[in-house]
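Asker: Chain residues, written in single-letter form:
4 protein chains.
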Amino acid sequence: MKAETTTYSDAQTTIAVVRERLARFNAERDWEQFHGAKDLAMCLAAEAGELLEPFLWNRDEDALDRAAISQELADVLICAVNLAAKLDIDLMQAVDAKIDMNAQRYPVSKARGRATKHDAL
Amino acid sequence: MKAETTTYSDAQTTIAVVRERLARFNAERDWEQFHGAKDLAMCLAAEAGELLEPFLWNRDEDALDRAAISQELADVLICAVNLAAKLDIDLMQAVDAKIDMNAQRYPVSKARGRATKHDAL
Amino acid sequence: MKAETTTYSDAQTTIAVVRERLARFNAERDWEQFHGAKDLAMCLAAEAGELLEPFLWNRDEDALDRAAISQELADVLICAVNLAAKLDIDLMQAVDAKIDMNAQRYPVSKARGRATKHDAL
Amino acid sequence: MKAETTTYSDAQTTIAVVRERLARFNAERDWEQFHGAKDLAMCLAAEAGELLEPFLWNRDEDALDRAAISQELADVLICAVNLAAKLDIDLMQAVDAKIDMNAQRYPVSKARGRATKHDAL
Chain P
1 MKAETTTYSD
11 AQTTIAVVRE
21 RLARFNAERD
31 WEQFHGAKDL
41 AMCLAAEAGE
51 LLEPFLWNRD
61 EDALDRAAIS
71 QELADVLICA
81 VNLAAKLDID
91 LMQAVDAKID
101 MNAQRYPVSK
111 ARGRATKHDA
121 L
Chain X
1 MKAETTTYSD
11 AQTTIAVVRE
21 RLARFNAERD
31 WEQFHGAKDL
41 AMCLAAEAGE
51 LLEPFLWNRD
61 EDALDRAAIS
71 QELADVLICA
81 VNLAAKLDID
91 LMQAVDAKID
101 MNAQRYPVSK
111 ARGRATKHDA
121 L
Chain L
1 MKAETTTYSD
11 AQTTIAVVRE
21 RLARFNAERD
31 WEQFHGAKDL
41 AMCLAAEAGE
51 LLEPFLWNRD
61 EDALDRAAIS
71 QELADVLICA
81 VNLAAKLDID
91 LMQAVDAKID
101 MNAQRYPVSK
111 ARGRATKHDA
121 L
Chain S
1 MKAETTTYSD
11 AQTTIAVVRE
21 RLARFNAERD
31 WEQFHGAKDL
41 AMCLAAEAGE
51 LLEPFLWNRD
61 EDALDRAAIS
71 QELADVLICA
81 VNLAAKLDID
91 LMQAVDAKID
101 MNAQRYPVSK
111 ARGRATKHDA
121 L
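Order-wise, the sequence lines are chains P, X, L and S.
Note that the first sequence covers residues 1 to 121 in our numbering.
Note that the second sequence covers residues 1 to 121 in our numbering.
Note that the third sequence covers residues 1 to 121 in our numbering.
Note that the fourth sequence covers residues 1 to 121 in our numbering.
What the hints contain is simulated information worked out from the structure, not anything from laboratory work.
Hints are all accurate, no fakes.
Below, a list of computed lysine-lysine pairs in the BS3-like style, where the Cα atoms sit at most 30 Å apart:
hint, chain 1, residue 1, chain 2, residue 2
1, S, K110, S, K98
2, S, K86, L, K98
3, L, K86, S, K110
Note that the structure is a prediction, hence the values are computed from the model and not measured.
Turn these sequences into a full structure, and let the hints guide you.
Answerer: Have a look at this one:
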């Protein structure tokens with residue numbers, strides 16, 4: 001599956017590597033038949049719901065269960081990569097475009113120190 | 001913000017690059033004060049909800065609005081990177097560990113061709 | 001649609017009344033064709049995501065936008081009633097059974113003053 | 001808690017009855033201290049995510065796990081009632097107003113047979 005001596009890291013691993021590994025993972029299990037785009041989007045939303053659980057009723061960030069949160073974040077990312085692969089979307093290109101758009105929507109001069117949504121700025 | 005001649009791509013851009021860019025983006029706007037971990041998790045879940053919208057009532061994958069989906073996926077990723085940064089979680093390391101766990105939970109011999117959840121396999 | 005002189009209230013209106021009104025609403029628009037159970041569940045999750053928005057970055061409950069929250073809660077309920085109607089589920093019966101189950105899972109003696117999930121109690 | 005001879009039903013039980021029962025349920029467990037409005041909204045979104053799970057990968061509505069779906073719908077409603085109680089929102093009044101608004105946004109003449117969002121109609 002992956003070379004046993006490697007480990008992923010934000011500093012070195014690209015989405016393309018994850019995407020290829022997941023493609024193999026799914027192909028080995030013959031799971032492509034289940035992976036309609038709609039189901040993959042639902043999967044992501046279900047995982048995003050699970051991500052909320054470790055934060056429920058929490059009042060002290062230092063007491064958060066970081067291991068649980070890491071796992072749920074990983075699930076969200078796995079769904080995102082599977083969905084992007086299915087629809088042939090380049091995630092990092094999409095992120096790039098969206099940050100550019102956010103920079104337009106939230107110019108520093110207007111948005112500084114304010115948590116107001118762009119259409120109300 | 002970013003060098004104008006570069007563009008992100010899944011093949012080349014790492015999460016670390018996005019994370020640094022978002023850190024600058026947030027710092028310039030003095031937004032760290034709003035970014036409690038709980039709020040960032042809620043933000044991700046809200047964006048995951050928005051991601052569902054382009055799929056609602058759809059019956060034909062070819063008719064999906066890929067531009068809208070790209071944008072919502074980007075929003076999900078941006079929230080994920082912000083949350084991971086806040087809690088000092090390495091996303092790719094988390095993904096690596098989770099795919100390993102999934103490989104254990106869904107061995108090819110049992111999971112092949114079946115969409116059954118691991119605890120029912 | 002509804003008699004103009006009536007208004008709904010939690011004290012007087014039953015889910016059955018809402019369910020009948022929505023059935024007429026959907027029939028008049030010939031929307032049953034779109035209302036697959038999966039889509040109605042996605043619709044509910046999308047509305048739950050929208051419900052999070054008025055809470056984002058909020059630190060003062062008195063400053064919450066109650067009108068926006070009311071509207072999003074209504075959307076969630078409308079989806080819930082449509083989904084329950086589609087699958088012939090009695091919502092109040094389901095709520096009754098779930099509160100009974102919660103009373104078993106969270107006996108006062110163990111759960112009092114604790115926000116711990118039942119499987120960790 | 002509830003009279004043992006009664007059972008809830010959509011035809012007879014009002015939200016007010018559920019709201020009072022949940023108020024007692026929470027008071028007995030001294031849970032009001034955890035029930036910030038933001039947490040209750042997150043709780044609802046987390047339950048909406050769980051509601052998606054029984055629909056994942058499903059292609060045959062007759063094969064859906066109605067018992068699981070009933071339970072998740074009940075959880076969503078319980079969160080909705082708790083949140084509405086916290087913010088003193090009348091859910092049925094909100095539903096009434098929202099269906100009226102939807103009737104304006106989706107006039108039969110324009111919306112009939114079309115799954116288009118109101119702002120694109």
